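A.B. asks: Position chain B against the provided structure of chain A, taking the given hints into account.
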Amino acid sequence: MKFTTEHFTWHPANAMVVREAIGVSRSFVDFISKIGDARSKQEEDQVVSQEVENMRTEMNHLEGQSAVNQKEFLVKLIYCEMLGHSASFGCIHAIKMTQQPDLLTKRTGYLLFSMITRDDDEMLLLIVSSVLRDLKSRDYISNWCGLTFLSQTVNRDIIPAVIKDVLALSKHERSIIRKKVVSVLHKFWRCDPKCVEDIESIFRLSLCDKDPSVMAASLPVFLDILQRDPKSQKELAPTFVSILKQVGADRALPPVTFNHHNVPSPWVQLYLLNILSIVGRDDPNTSSHMYRVISEIIHSASQIKNNVAYAIIFECVRTICIIHPNDGLLDVAAKAVYGFLSSKSRNLVYMGLSSLHSIISLRPEAVNEYQDVIVRCLEDSDPIIKHRTVDLLCSMVNPVNLQFILDTLIQHMKEMSLDGSMIAELMPKVSHLIVKASMVPAQVIQMLWDAIEEEGTHPDIITLSIWVNSESQPNEVVRTMDLIDRICQLSHRETMDESMGRQIVNALIKLSLHCEESREKILQRMHEMSASRSHVMSQMATEAVWVLNTDVVVDRQRFTNNFDGKFEMDVHMKFLEHFVEKCATETGLSYVPPERRAALRTSQEMSNPSAMPIKRLRFEEYDTPKTMSPSIVGRHSLHRSQSIPNEENQNDAMIKPERAEENLIQGKSVWGPDGYTPQSEESPKSDVLPALLSGIPNLSSPAKTKPSTSFDEKKKNDTKHALFGISSQIHRYPETKKEVHSNRSREKKEEKKDNDANLLDLEPTDNRPMEPTLSPTDAHSHWTKLMDDKKRFESIGDLVVVPSIERVSGLLGTSTDLTLTVATTKMYQNDGVILVLFVLNLSDKDILSDVQLSWDVSNHLKLQTESAEPTAQWRELPPNRCVPIFHRLSMEKFSSHANIRLNISYRLNGTGQPRNLTSNTPAFTHDFIRPIKMTQETFEGLWNQLNIEKKLSVPDSYQKMEDIACENVKTSSIRLKLSALLHLSSVGGAPTVENGSMAGKTLDASLCLCRFVREERSLEMTLRTRDAALGQSFINDMMRLIQKK
Amino acid sequence: MIKAIMIINTSGKPRLVKFYERKTEQQQQALLKEVYNLISKRADVMCNFLEADKLENWGGKAGDTKIIYRHYATLYFIFVADGSESELGILDLKQRLRQRQIQTFVETLDKCFRNVCELDLVFHVDKVHFVLDEIICGGMVLETRISEIFDVVTQQKKLEAQENPVATAKGDIKNFFGEFGR
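In order, the protein sequence lines correspond to chains A and B.
Counting the first sequence from 1 gives a position; the numbering used here is that position plus 10.
Counting the second sequence from 1 gives a position; the numbering used here is that position plus 274.
Next up, chain A with everything else stripped away, as it sits in the complex (with noise of 0.2 angstroms):
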């Protein structure tokens, strides 16, 4: 056979000869021809869309013209859909053709379909009678026909209506059959693992068929299985070796069939090997068994030199290093390593630099006899190579060799200047390289000092150097001075990019501590460089002098040489102390933890209504809703306390790109950063959850009521943040010892995103002493008003839109036993839900100790803590004190029965028999649904999108229930009651008690509409959804609430 180099060309002479010898018409060769003409995409469109346009018309003659035309019509389809032209118009004919007889025409039709077709199409249910009819049929090469269908297009609506056959043919006297049956199970498994009642045991029977290739065809599903459910088929393990030793010794299989350039079925072992490394992995019992098999087949492949007794090869050392590691077999695998890694064939130099990166994990040692073969690799001019070879290089790194990596590393990076993507990909390993070694060898740093003095480096380089120098300063291979000019230098750059930017003025704050002759030059740099044109650079610039300007007394010795591992951190940071003091005399006004503003706020207007509101800075972005009551500070200090995410990244979060309909909905969401802005209803009791609220964080979270931070360990912690927070560079290191105290360090970083204003926020210093908790008499007088509060709300139910900081759901269940008492809230935010449970010791002079809390949470939700462990014990409850559980609710999947139950234990003073009390709160659906706003327009559009539909009648009776618990409240639309009862808004024009449509999302964005009409004696509600789960319990938890009024 001849293969040339010269480019497909077409004479019509030729055409002809083709035409006679393969037997196609004329107009296929016209259309293949003309297709091969086209020179450009353009062109090629053209010819095709023609060709679309011509076949639309003649598939209406089809009929009755011969079977060899039709047959050619699939294939020119086939064509158009291969070059990006939907075929889907061909859908009838293909299943038209499925029905011929002709078993070459019946395939091209099956191929066309599973090609035109996507799993969800509706289309499939037409083909069912074909495929039944090619199932049930007594010609076997009719049923292979229909199951190689199967086995490629099924979705889970035809599953059911062609199962039963399927399961009868997987007893078919022919292999062929059978095979194909396992192939199709297969693929209904992958759909739905639960479509057939113990699929897995069929599937095992396979694996035991007498027939090797049925065998063989279950041992992709075992792979699947193994792959999603490591540990599901560990009984296995014997019969998977036990035929891996049958297939290397050539016994299983009739070799004739199955040997392949003499290697017996290689395939088999390649799965065999792969399920063996899933099924050993961490067991050294399974895997102490597969040993000697390994080293068997690592042999006998050895001995046959092509690419399939390669890729065994490498499957086997693979296998080793994944499995329980043997010595012996180590040693065979790098040796088998070796020799590939010195072949002159790229392909086994690259799966050697592949294997090696599993052994060398396993084995560090093994790396010495490869260094030259890695230092050649590096060199090769195939860059895959190159960066196999680079990925390598950092996974081996140890103190001895670290030196030579990070040089060859860098000498890469200079010589790979001109592949921007390459660098941006080296500069993370080599950074943390840099990072992980405790000293940076001066070869290195002179090396990278040589790329910053020399011109045209790669900007990504320069900012690698300059972090380097400057972060190892002062030492012997660069004067400071000289860095200082040099940086200098660099930042009048015309093209600097942030990154760069960022570095250079942390490099230049730090320097300026070791050379205080150069801060002048720095001061007046920086100065020069706070009028930059990026405002990101000004800013930075403008910080810098502002440290640079302040006389802090820092401590030098503390800066030195970052590199060198012995970085201490001074947590309490005294040498701020005096700093600190000035401040406040200047000033007046002492500093307030933000979680004690609220409580000094609250006690304020209580004394002294009239005196508010004291005159401050506004920190918010948007105004607040006109309704809300002036309780700024409490909603700030709510969400530190809680870690609730800040408002601009509740706004992103609103904003999630994955859904495609998000961007359909033009509609504004209703939740601002405020929570639900109610549109046109005043609420009657606005006055009674903001005093609700802001006694919460009074109330704070466990944790912080240790009194172990004293006020000014806070202050201080305040300003170093202040002052640190300015240099990413400095500051990275503090942070990562502050992990430990995690309390605190995660104030640290909400705190963090609202620097300035933790700042300037101080309160005047007469105000009276902070308490950690909230006293007896506080605690109970929020009690009354908690409790004030329920009946307010049974008596008008949760319909009521709530204008507060978030949409608060009523007091849903209290349970009592005279001591103890837990009350449940809900929380809603615009990305999730909070549940808060009030713990209160109702007893004036016992203690509640040992109390301890367990949780039991259906399945379809999840409770993440915000504050106390969910099981941990607890601590003691003194008389009188309230304390509230702040926890992070998410719904898993959709179900109207979700439920989470709380057991509290404690015991009276500490002595006694534990006692118990049980909290119920059931999860709606709706708790997980947010309103959003949109046009008429968009919800029709949206609405027919909607492919899940579900329908409510409620009776007349309901509604008038309804509106007379509802009296007190001011409105008398269904619809708005409706809508703020199950967190939807209405949509449209003014409200209507005759029908209306409401519009919501779920809290991962997925579309919720609903609408209704009235008919005589009902209320007639349709919802749609995308989701059938969520379709479904939705309504569910409508009617529960719509019987419960």
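Here are the in silico distance ranges between beta carbons for each label pair: (1) Asp318(B) / Glu210(A): 38 to 48 angstroms; (2) Arg296(B) / Pro240(A): 19 to 29 angstroms; (3) Arg316(B) / Asp866(A): 52 to 62 angstroms; (4) Arg166(A) / Arg316(B): 39 to 49 angstroms.
Here's a subset of chain A near chain B, in silico, CB distances under 7 angstroms, partners left out: (5) Val85; (6) Met92; (7) Gly94; (8) Thr118; (9) Ser161; (10) Lys197; (11) Pro230; (12) Leu280; (13) Asn317; (14) Val318; (15) Tyr320; (16) Asp392.
For the record, the hints were derived by calculation from the structure and aren't laboratory data.
Just so we're clear, the structure is a prediction, and the values are computed from it rather than from any experiment.
Beta carbons: idealized from backbone N, C-alpha and C, even for Gly.
C.D. replies: Just chain B now, with coordinates in the frame of chain A:
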């Protein structure tokens, strides 16, 4: 698992495209273009593997998508696979695929054209699909006893030819499949 098989000629025209993951026509075309651009830049002496984490339309995790390709005369044979597939195994498979497909029409057509191999694909794209379906099923390689099934097909064809010689395509089909039976 194999995610897609593509055969593209050196000027970028697709000759066979088979996706084992559902993609829209637009996504398929975009991927074809991306893959072709990646591969056509590479010299023949380089290795036959590519790490394709950056292929926009595949999505997958890093290190999970690889391209295994081979250049024969005017054609690139390209397999896109996930991390669990054996690169060398696929390379070997490819070699065999090529042999199977290409030898078919050589005798008849070699006189007319010099690069018959590509023409095979052009005129019998459906049959090439059938061959593939036997070797690879749902992205898994099941290359056992292809001969048996094609023996069967050949038999059936013979019967049909006796009964109704006109309706059957010419003897080339027998020839085509007969080749696989060997």
